[in-house]
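Chains as they are written, first to last, in the UniProt record's numbering: chain A, 1 to 242; chain B, 1 to 242.
Bear in mind the hints are in silico, worked out from the structure with no lab data behind them.
A quick note: this is a predicted structure, and the numbers were derived from the prediction, not measured.
A few of these clues could be false.
Rough simulated footprint, nothing fancy, chain A against chain B, three-plus residues with beta-carbon under 8 Å [unchecked claim]: (1) 23-30; (2) 71-78; (3) 84-92.
So these bits of chain A aren't anywhere near chain B, every CB distance computed over 12 Å [to be verified]: (4) Gly79; (5) Tyr88; (6) Arg93; (7) Pro112; (8) Met126; (9) Gly132; (10) Glu166; (11) Leu169; (12) Gly170; (13) Glu177; (14) Thr182; (15) Pro183; (16) Pro187; (17) Leu194; (18) Arg208.
Glycine included, every Cβ here is placed at the ideal spot set by N, Cα and C.
2 protein chains.
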Amino acid sequence: MSAPPGYDKYAHEPFAVTADLAVLTIRAGALHVLLVERGQEPYKGHWALPGGFVQPDESAETAARRELAEETGLSDVSGLHLEQLRTYSEPDRDPRMRVVTVAFAALLPHPPEPHGGSDAAQARWMPYDTAGPLAFDHDRILADAHERVGAKLEYTCLATAFCPPEFTLGELRHVYEAVWGTPLDRPNFRRKVLATPGFVEPVPGAARLTGGRGKPAALYRAGAATALHPPLLRPSREGRPA
Amino acid sequence: MSAPPGYDKYAHEPFAVTADLAVLTIRAGALHVLLVERGQEPYKGHWALPGGFVQPDESAETAARRELAEETGLSDVSGLHLEQLRTYSEPDRDPRMRVVTVAFAALLPHPPEPHGGSDAAQARWMPYDTAGPLAFDHDRILADAHERVGAKLEYTCLATAFCPPEFTLGELRHVYEAVWGTPLDRPNFRRKVLATPGFVEPVPGAARLTGGRGKPAALYRAGAATALHPPLLRPSREGRPA
DNA sequence: CGACTATTAGTCGTACTGACCATAAAGGGA
DNA sequence: TCCCTTTATGGTCAGTACGACTAATAGTCG
Chain A
1 MSAPPGYDKY AHEPFAVTAD LAVLTIRAGA LHVLLVERGQ EPYKGHWALP GGFVQPDESA
61 ETAARRELAE ETGLSDVSGL HLEQLRTYSE PDRDPRMRVV TVAFAALLPH PPEPHGGSDA
121 AQARWMPYDT AGPLAFDHDR ILADAHERVG AKLEYTCLAT AFCPPEFTLG ELRHVYEAVW
181 GTPLDRPNFR RKVLATPGFV EPVPGAARLT GGRGKPAALY RAGAATALHP PLLRPSREGR
241 PA
Chain B
1 MSAPPGYDKY AHEPFAVTAD LAVLTIRAGA LHVLLVERGQ EPYKGHWALP GGFVQPDESA
61 ETAARRELAE ETGLSDVSGL HLEQLRTYSE PDRDPRMRVV TVAFAALLPH PPEPHGGSDA
121 AQARWMPYDT AGPLAFDHDR ILADAHERVG AKLEYTCLAT AFCPPEFTLG ELRHVYEAVW
181 GTPLDRPNFR RKVLATPGFV EPVPGAARLT GGRGKPAALY RAGAATALHP PLLRPSREGR
241 PA
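Please take these sequences and the hints and turn them into a complete structure.
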């Protein structure tokens with residue numbers, strides 16, 4: 001069969017395009033994800049990732065950031081890290097109509113505790129491990145988000161996006177441990193982070209945070225670097241995948 | 001402004017969804033990309049990435065593979081590596097209508113030389129460096145494809161997707177050099193590849209390829225591994241990005 | 001005060017890497 | 001034919017990174 005390469009010779013059908021979000025954060029040392037409860041069929045009563053239709057005058061990124069502001073109730077989401085994951089376009093993924101979804105991962109440093117959804121729909125933070133079966137193919141989207149974030153922690157400075165503006169190395173390490181699900185050696189982690197120029201920089205005021213037990217830790221800010229060289233590899237990858 | 005979290009309360013507009021391809025291969029030691037010449041406005045006469053509309057009964061991946069078969073003239077593209085890059089959805093990226101494009105990168109081992117587009121539209125392999133200004137935002141898509149493939153060479157076995165079923169370590173090294181644009185040390189590259197279990201395995205028949213000048217090289221096949229541990233990092237990244 | 005916790009500072013041996021050098025095996029040109 | 005170039009293959013060597021581990025420090029909690 002021959003096919004013309006120009007756009008215009010193809011027939012094309014309209015698609016609905018949505019932007020869905022895997023909003024991730026660290027709460028009580030564990031990775032959490034923001035979920036909303038569906039109020040209508042299909043999957044009524046099931047939990048799902050927040051999202052919505054892309055409007056005619058906005059890109060998928062713009063729509064995702066708008067959804068993020070609406071769902072979290074945060075007034076300023078411009079500084080938050082938003083990362084496009086991939087696009088899900090299987091024809092039968094929504095039983096009502098043909099929906100193409102551009103998925104994003106968002107990283108929140110300090111989540112709004114009750115997190116105000118201003119409407120009636122229920123929304124809540126759920127621990128990643130207990131985020132049960134979700135509506136549509138959102139389980140797979142969430143798993144892809146987890147995998148992507150875990151991989152980017154290895155070779156980028158993304159971990160600071162989970163932290164407040166000033167943080168301790170312990171908090172930063174908790175980010176890695178929560179996302180990777182593996183405890184890390186404290187001294188080695190510290191040596192690695194401090195040996196990477198531009199990853200973190202000490203807060204000059206010699207400020208120290210005295211939150212809980214133990215010796216107070218020095219405070220750091222995110223540095224100017226965006227990539228890690230050499231990377232900070234996950235320890236779990238002993239055997240090569242079959 | 002309040003916004004309901006369910007899909008159905010949103011108004012939505014139809015979008016056209018296309019799948020565009022950055023088809024990459026190695027020709028004469030240099031990275032090449034498959035381009036088509038546009039026959040209609042806009043950008044008439046300009047070169048562009050091949051692509052086309054996603055049909056109602058197919059996913060973006062299916063559409064991309066169909067386009068790949070049509071544009072290259074290959075009868076079997078099922079074994080080729082196809083990788084979703086990201087989705088481009090800026091409202092004004094196509095002047096005619098609202099088009100959302102899911103971009104893919106395809107890796108070809110041995111490109112069909114004249115490569116048969118069976119229709120009138122011109123298509124050709126172009127060296128990556130001289131792939132001039134392309135139509136629409138295809139320059140950016142192509143750059144994203146290059147960056148993604150270059151990055152995945154570091155920590156996956158993707159390089160073998162550019163090679164024929166049996167290849168020499170020199171050919172494999174040429175893949176890295178062509179994509180990264182950097183010469184690599186021959187003995188070190190050999191040591192690294194052979195030290196990674198499952199990356200390549202020698203062809204048992206003790207076959208040796210005597211193509212051009214120099215000592216004949218041993219033949220290898222792609223192994224079972226998909227990831228590289230530890231990664232094979234690019235040498236160019238001395239200074240950290242600003 | 002003593003137990004506990006977390007940070008911070010080191011040590012040590014192994015593994016990996018980059019920069020080399022050297023040899024073998026082919027082809028091309030004088 | 002002899003020499004030179006080209007490519008593959010084998011090896012050394014030092015600097016670095018990393019994992020495992022020990023220990024000191026400085027706070028809170030009971």
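Verification of the hints:
1. Beta-carbon proximity to chain A at under 8 Å applies to 0 residues in the segment 23-30 of chain B; the threshold of 3 is not reached and the given coverage is violated.
2. With 1 residues bearing a CB less than 8 Å from a CB of chain A, the segment 71-78 of chain B misses the requirement of three and the coverage assertion fails.
3. A stretch counts as covered by a chain when three or more of its residues have a beta carbon under 8 Å from one of that chain; for the segment 84-92 of chain B and chain A the count is 6, and the coverage holds.
4. No Cβ of chain B comes within 12 Å of the Cβ of A/Gly79; the nearest lies about 19 Å off, and the non-interface call holds.
5. Under the 12 Å C-beta cut-off, the non-interface status given to A/Tyr88 relative to chain B is violated; the minimum distance is some 8 Å.
6. Annotated as non-interface, A/Arg93 brings its C-beta within 12 Å of a C-beta of chain B; the closest such distance is 9 Å.
7. Once the 12 Å rule is applied to beta carbons, A/Pro112 is consistent with being away from chain B; the minimum gap is 16 Å.
8. At roughly 15 Å, the least C-beta separation between A/Met126 and chain B is larger than 12 Å, which holds for a residue marked as non-interface.
9. Under the 12 Å C-beta cut-off, the non-interface status given to A/Gly132 relative to chain B holds; the minimum distance is some 18 Å.
10. For A/Glu166, the shortest C-beta to C-beta distance to chain B comes to about 22 Å, beyond the 12 Å cut-off, and the non-interface label holds.
11. For A/Leu169, the requirement that its beta carbon stay farther than 12 Å from each beta carbon of chain B is met, with the minimum near 19 Å.
12. For A/Gly170, the non-interface assignment is confirmed: its Cβ lies about 24 Å from the closest Cβ of chain B, beyond the 12 Å cut-off.
13. No beta-carbon of chain B is positioned within 12 Å of the beta-carbon of A/Glu177; the least distance is around 21 Å.
14. The beta carbon of A/Thr182 is kept farther than 12 Å from every beta carbon of chain B, the shortest such distance being approximately 16 Å.
15. Every CB of chain B is more than 12 Å from the CB of A/Pro183 (nearest about 20 Å), matching its label as outside the interface.
16. The claim that A/Pro187 lies off the interface holds: its Cβ sits roughly 21 Å from the closest Cβ of chain B, which is beyond the 12 Å cut-off.
17. Chain B leaves A/Leu194 outside its interface by the beta-carbon criterion, the shortest separation being 14 Å against a cut-off of 12 Å.
18. Residue placement check: A/Arg208 keeps its beta carbon more than 12 Å from all beta carbons of chain B (closest about 28 Å).
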